[in-house]
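**Q** Here's the letter readout for the chains.
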Amino acid sequence: MCGIIGFVGQPGNDALDVLMTGLSGLEYRGYDSAGVALANASIEVYKREGEVSSLEAALENHQAGGQSVGIGHTRWSTHGPPSDRNAHPHTDAENRVAVVHNGIIENYEALKSSLRNDGVVFTSETDTEVVPHLIARELEAGRDPKTAFREAIGQLAGSYAIAAVFEGSETVYAARNESPLVLGIGDDGHYLASDVPAFIEYTDRVIYLDDGEYATITADTVTVTDATGQPITHDIDTIEWDAEDAGKSGYDHYMLKEINEQPTAIRECLRGRLNELTGRVELEELAGLDPDGVVTFVACGTSYHAAMFGATLLNRWGVDARAVLASEFDGGSVPLGPDSVVIGVTQSGETADTMRALREANRAGATTLAVTNVVGSSAARETDYTLYIRAGPEIGVAATKTFASQQAALTMVAASLTDHRSRELIQSLRSVANGIQQVLDDSSARAIAEAYTEARAYFFIGRGLDYPVALEGALKLKEISYKHAEGFAAGELKHGPLALVGEDTPVFALVTGGGKRAEKTIGNIKEVEARGVPVVAVTDGQTEVDRYADHVLEVPELPEVASSIVANVQLQLLAYWIANDLGRSIDKPRHLAKSVTVE
Amino acid sequence: MTDHSAIVLAAGEGSRLRPLTKHRPKPMLPAATKPILEHVFDTLIDAGVTDITVVVGYQANRVQSHFGPTHRNVPLTYVTQEKLLGSGHALLAAESAIDGPTLVVYGDQLVDGDIIADVLDTHAVADPAATLGLIPTRDVEEYGGVRVDRSHDEPENGTTVTEIVENPRDDREYYLNAGVYVFDERVLDAIRSVDPAVGESSLIDAISSLLASESVVGAIADGVWVDATYPWDLLQIADDLLTEGDVESQVAASAYVHDAATVVEPVVVPEDCVIGPGAVVGPNVCLGENVTLGANATVTHAVVDSDTRIEDGATVRDCVTGRGVLIGPGSTVVGGPADVEIGDSIHRDVDFGALLADYATDEGGSTFVPGAVVGADATVQAGSVIRGNIEDDLEVRG
Numbered sequence: 001m002c003g004i005i006g007f008v009g010q011p012g013n014d015a016l017d018v019l020m021t022g023l024s025g026l027e028y029r030g031y032d033s034a035g036v037a038l039a040n041a042s043i044e045v046y047k048r049e050g051e052v053s054s055l056e057a058a059l060e061n062h063q064a065g066g067q068s069v070g071i072g073h074t075r076w077s078t079h080g081p082p083s084d085r086n087a088h089p090h091t092d093a094e095n096r097v098a099v100v101h102n103g104i105i106e107n108y109e110a111l112k113s114s115l116r117n118d119g120v121v122f123t124s125e126t127d128t129e130v131v132p133h134l135i136a137r138e139l140e141a142g143r144d145p146k147t148a149f150r151e152a153i154g155q156l157a158g159s160y161a162i163a164a165v166f167e168g169s170e171t172v173y174a175a176r177n178e179s180p181l182v183l184g185i186g187d188d189g190h191y192l193a194s195d196v197p198a199f200i201e202y203t204d205r206v207i208y209l210d211d212g213e214y215a216t217i218t219a220d221t222v223t224v225t226d227a228t229g230q231p232i233t234h235d236i237d238t239i240e241w242d243a244e245d246a247g248k249s250g251y252d253h254y255m256l257k258e259i260n261e262q263p264t265a266i267r268e269c270l271r272g273r274l275n276e277l278t279g280r281v282e283l284e285e286l287a288g289l290d291p292d293g294v295v296t297f298v299a300c301g302t303s304y305h306a307a308m309f310g311a312t313l314l315n316r317w318g319v320d321a322r323a324v325l326a327s328e329f330d331g332g333s334v335p336l337g338p339d340s341v342v343i344g345v346t347q348s349g350e351t352a353d354t355m356r357a358l359r360e361a362n363r364a365g366a367t368t369l370a371v372t373n374v375v376g377s378s379a380a381r382e383t384d385y386t387l388y389i390r391a392g393p394e395i396g397v398a399a400t401k402t403f404a405s406q407q408a409a410l411t412m413v414a415a416s417l418t419d420h421r422s423r424e425l426i427q428s429l430r431s432v433a434n435g436i437q438q439v440l441d442d443s444s445a446r447a448i449a450e451a452y453t454e455a456r457a458y459f460f461i462g463r464g465l466d467y468p469v470a471l472e473g474a475l476k477l478k479e480i481s482y483k484h485a486e487g488f489a490a491g492e493l494k495h496g497p498l499a500l501v502g503e504d505t506p507v508f509a510l511v512t513g514g515g516k517r518a519e520k521t522i523g524n525i526k527e528v529e530a531r532g533v534p535v536v537a538v539t540d541g542q543t544e545v546d547r548y549a550d551h552v553l554e555v556p557e558l559p560e561v562a563s564s565i566v567a568n569v570q571l572q573l574l575a576y577w578i579a580n581d582l583g584r585s586i587d588k589p590r591h592l593a594k595s596v597t598v599e
Numbered sequence: 001m002t003d004h005s006a007i008v009l010a011a012g013e014g015s016r017l018r019p020l021t022k023h024r025p026k027p028m029l030p031a032a033t034k035p036i037l038e039h040v041f042d043t044l045i046d047a048g049v050t051d052i053t054v055v056v057g058y059q060a061n062r063v064q065s066h067f068g069p070t071h072r073n074v075p076l077t078y079v080t081q082e083k084l085l086g087s088g089h090a091l092l093a094a095e096s097a098i099d100g101p102t103l104v105v106y107g108d109q110l111v112d113g114d115i116i117a118d119v120l121d122t123h124a125v126a127d128p129a130a131t132l133g134l135i136p137t138r139d140v141e142e143y144g145g146v147r148v149d150r151s152h153d154e155p156e157n158g159t160t161v162t163e164i165v166e167n168p169r170d171d172r173e174y175y176l177n178a179g180v181y182v183f184d185e186r187v188l189d190a191i192r193s194v195d196p197a198v199g200e201s202s203l204i205d206a207i208s209s210l211l212a213s214e215s216v217v218g219a220i221a222d223g224v225w226v227d228a229t230y231p232w233d234l235l236q237i238a239d240d241l242l243t244e245g246d247v248e249s250q251v252a253a254s255a256y257v258h259d260a261a262t263v264v265e266p267v268v269v270p271e272d273c274v275i276g277p278g279a280v281v282g283p284n285v286c287l288g289e290n291v292t293l294g295a296n297a298t299v300t301h302a303v304v305d306s307d308t309r310i311e312d313g314a315t316v317r318d319c320v321t322g323r324g325v326l327i328g329p330g331s332t333v334v335g336g337p338a339d340v341e342i343g344d345s346i347h348r349d350v351d352f353g354a355l356l357a358d359y360a361t362d363e364g365g366s367t368f369v370p371g372a373v374v375g376a377d378a379t380v381q382a383g384s385v386i387r388g389n390i391e392d393d394l395e396v397r398g
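Quick note, the sequences are listed as chains A and B, same order.
For the record, in the first sequence the residue sitting at position 135 is 135 according to this note's numbering, with numbers rising by one throughout.
For the record, in the second sequence the residue sitting at position 172 is 172 according to this note's numbering, with numbers rising by one throughout.
Among the clues, some could well be false.
Said to hold, decoys possible - Restricting the straight-line Cα-Cα distance to at most 25 Å, the calculated cross-link-like pairs of lysine to any residue (SDA-like) are:
id	chain 1	residue 1	chain 2	residue 2
1	B	Lys34	B	Gly383
2	B	Lys22	A	Asp442
3	A	Lys146	A	Asp235
4	B	Lys22	A	Leu440
5	A	Lys248	B	Leu92
6	B	Lys34	A	Arg271
7	B	Lys83	A	Gln427
8	A	Lys248	B	Pro69
9	A	Lys248	B	Gly335
10	A	Lys516	A	Thr312
11	B	Lys34	A	Asp442
12	A	Lys248	B	Glu82
13	B	Lys83	A	Glu450
14	B	Lys83	A	Asp442
15	B	Lys83	A	Ser444
16	A	Lys516	A	Glu503
17	A	Lys520	A	Gly541
18	A	Lys248	B	Ala97
19	B	Lys22	A	Glu557
20	A	Lys248	B	His66
21	B	Lys22	A	Ser444
22	A	Lys248	B	Leu84
23	B	Lys34	A	Gln427
24	B	Lys22	A	Arg446
25	B	Lys34	A	Leu440
26	B	Lys34	A	Gly247
27	B	Lys22	A	Glu554
28	A	Lys248	B	Thr50
29	B	Lys22	A	Asp441
30	B	Lys34	A	Gly272
31	A	Lys248	B	Tyr58
32	B	Lys83	A	Gly541
33	A	Lys248	B	Ser5
34	A	Lys483	A	Val552
35	B	Lys22	A	Gly272
36	B	Lys34	A	Thr264
37	B	Lys34	A	Gly496
It is worth saying that the hints were derived from the structure and are not from the lab.
Only a predicted model underlies this, so the values are computations on that prediction, with no experimental measurement involved.
Throw the hints in and build the complete structure from the sequences for me.
**A** And the structure:
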């Protein structure tokens with residue numbers, strides 16, 4: 001973990017500028033330390049624990065030497081705590097080669113002892129440091145940098161996107177296996193990065209590397225080969241995202257911006273996919289996907305809650321479905337066969353746990369579908385079918401608009417797989433954007449947040465489609481406020497969690513619709529209220545739940561599905577304002593990274 | 001001249017357009033199918049502006065979330081006027097964006113690109129402290145009137161401005177202040193030097209004060225200038241934009257139009273709209289995105305904002321709706337001339353069927369007598385007859 005960047009510029013381009021811009025664009029992938037290596041006759045390395053801004057401070061002593069070649073890294077610790085020493089880039093003892101790496105080298109202990117036997121002294125606790133020493137060993141054996149790099153990488157087992165620079169060379173060498181790596185083709189030089197935002201300011205033309213491929217990048221050329229050195233031809237894709245999409249447009253945090261972008265994101269997600277005249281969901285992307293067997297969703301975190309939402313709808317519409325945490329999905333945990341459909345839900349399309357589960361499903365012969373936000377991501381490329389949620393880039397670590405878009409997209413997937421034809425459902429989905437706008441216009445979440453900022457713990461309950469929303473509400477709050485928050489199925493409260501509630505533990509209850517489910521949830525609320533516990537109802541006013549609630553977060557009266565998607569927005573705002581009142585680092589909560597590319 | 005910076009003042013509510021402004025500022029009301037402010041940005045960008053600072057205040061969120069960080073690749077910088085204390089105060093909020101001559105326009109008026117070009121050209125030649133766009137028209141009472149001295153006119157150098165008056169009521173000859181200015185840093189001192197009248201610091205007062213010591217010129221321009229003062233003006237603006245061809249009559253590719261529906265041009269049917277079987281839409285109808293017309297609905301001469309549903313069999317004429325409005329099955333907005341009460345004045349013989357503000361819900365089978373105004377978030381129960389004004393949030397049965 002977590003983000004790498006590389007640049008080889010035409011003479012006169014300052015690589016450091018490009019690298020620092022790139023690192024800022026990658027900070028969402030991790031930010032406990034950062035570093036750069038600049039190469040020409042010799043290699044200069046600068047690295048620091050902390051965010052990219054601490055690295056900037058370290059660079060004050062750097063004499064601008066006009067180096068046009070370099071690599072950079074922003075780290076999220078897996079091996080060894082965050083420290084200057086463990087920050088990338090890592091070099092060999094004589095500073096002939098510098099390496100940045102995203103991923104995990106699984107055989108690093110074995111490689112390390114072999115290198116130690118050769119007298120190598122390690123200066124960090126990272127798995128990555130074996131790489132420059134392996135390359136140095138190949139150099140000493142008389143190999144040129146290109147061959148040395150390939151020979152060294154060939155000894156690695158595990159996941160990696162690796163880039164290296166050599167002293168006296170104006171070339172960057174790179175390799176990819178199970179970690180994202182994309183090349184940028186620019187006018188002033190060539191780029192590589194874990195993700196496109198790192199260099200989108202400079203170019204929108206990209207090449208996505210595949211696993212097992214090597215790239216050799218100079219100012220004039222980019223060549224991609226396989227492990228034996230055979231050239232591979234790649235198409236150049238053009239990215240349609242606007243570089244300025246990364247701006248906060250006047251909001252204090254990306255998270256608040258992204259919460260407010262949800263009506264637009266939902267419109268994009270639904271556009272051209274809903275035909276109200278026929279009552280059909282029209283997903284061309286899924287043409288030919290007709291499940292005979294059980295549908296299994298695999299996902300992590302917020303995406304898992306969206307997966308539960310999708311599985312609930314599939315079950316209601318007559319197809320067996322389940323949501324499984326991707327990290328719990330391994331050999332034999334779920335029966336798989338050629339009839340199985342496995343749907344991976346991942347915002348980034350790079351989530352390591354989800355990718356591993358999808359690869360396992362592929363091997364078992366199951367049909368795989370990726371529901372993702374990132375075009376050209378690993379998930380999109382390695383599955384049989386892909387549905388993009390079209391939410392646009394999300395920078396805040398806490399997922400907001402991508403959850404709403406996932407809920408909408410998975411509703412469409414469920415309708416499509418079950419051939420569920422319903423004008424009511426189409427109307428429901430078409431009302432979501434407006435419903436969210438109404439909540440954004442009128443929400444009292446800020447005032448309610450203020451009343452509960454000092455609570456000891458927070459509980460969220462819901463039933464049916466509101467159950468995954470309750471889980472998501474709790475996750476959002478814990479992620480960004482660092483307060484203890486848990487979500488429960490409303491009916492489960494009395495089976496244990498009720499022992500936890502008290503006067504300083506507000507219960508946030510989702511009650512949408514006016515049917516039996518809502519009435520049962522009100523029964524659960526009464527149990528809580530009777531014990532003097534503060535209750536905040538998130539409701540559309542179709543029941544009398546407000547009689548038992550201390551506060552109400554109102555949502556407009558909408559059909560099922562829409563009401564649950566819209567109700568979640570109140571919980572996003574609640575989490576945002578509580579975290580804001582507590583002065584938390586909302587866009588970059590401690591210990592968390594946006595795209596988790598380690599298992 | 002190229003590479004201009006511009007400041008757009010978009011912080012005010014526009015209270016005469018209530019109840020349409022309950023949830024959004026006037027710049028976000030629809031001129032035909034897109035917000036007035038979007039037309040303003042487009043005009044600026046077409047005139048060569050490459051950097052826009054937007055002063056937001058009232059319901060700022062609606063502006064920021066609609067446009068995001070750029071418009072047509074031109075960066076938008078948002079500054080917030082925390083308290084709405086007048087147009088002068090608003091410009092002070094954008095103080096850091098004034099570095100040399102800077103174009104300043106209002107975000108709630110449609111201004112022709114020619115006016116902007118004339119003001120920029122005149123300022124470049126005459127190099128005064130401020131240049132104002134002036135429009136020859138008699139109709140200045142509702143706006144700002146500008147007096148000029150034309151005795152030694154040289155057209156390229158502009159015309160010397162002698163006096164600027166808000167809402168002039170006398171018989172003297174005025175030009176209309178188009179609200180298109182070029183200022184430099186001197187305007188900031190002028191704003192600060194003026195004692196705020198009734199708590200509000202006005203840009204007009206600041207220009208008056210600037211006139212006393214510095215040269216202020218006017219660029220007399222012939223070009224279209226439109227301001228929506230009352231809700232029915234939105235119908236007129238849409239008509240004008242369709243007639244002039246500024247907004248093209250079209251049906252978007254992603255709209256679903258039933259084979260048995262009738263589209264009478266000019267109309268604008270944007271993305272995600274649904275037109276049901278037997279429905280008739282047009283002429284002179286501007287729909288927002290994701291609008292639905294049910295089976296056999298008839299909509300003529302209307303501005304219907306995003307996400308609104310007009311259900312089966314409803315008839316809607318001369319009507320303005322906000323966002324997310326529901327007009328229920330079988331309801332009728334009769335249309336035609338009306339006497340409309342706005343605030344404490346009555347406007348007679350206005351072509352105005354009805355206004356339903358954002359999120360208003362009509363359950364169906366209702367009749368809207370010409371001139372009816374339904375407030376934001378209000379509910380009209382099935383089978384009502386609606387006359388006059390229904391306040392925001394009310395539920396009525398009439």
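**Q** Output the numbers, in ascending order, of every earlier hint that fails for this structure.
**A** 1, 7, 9, 16, 32, 35, 37
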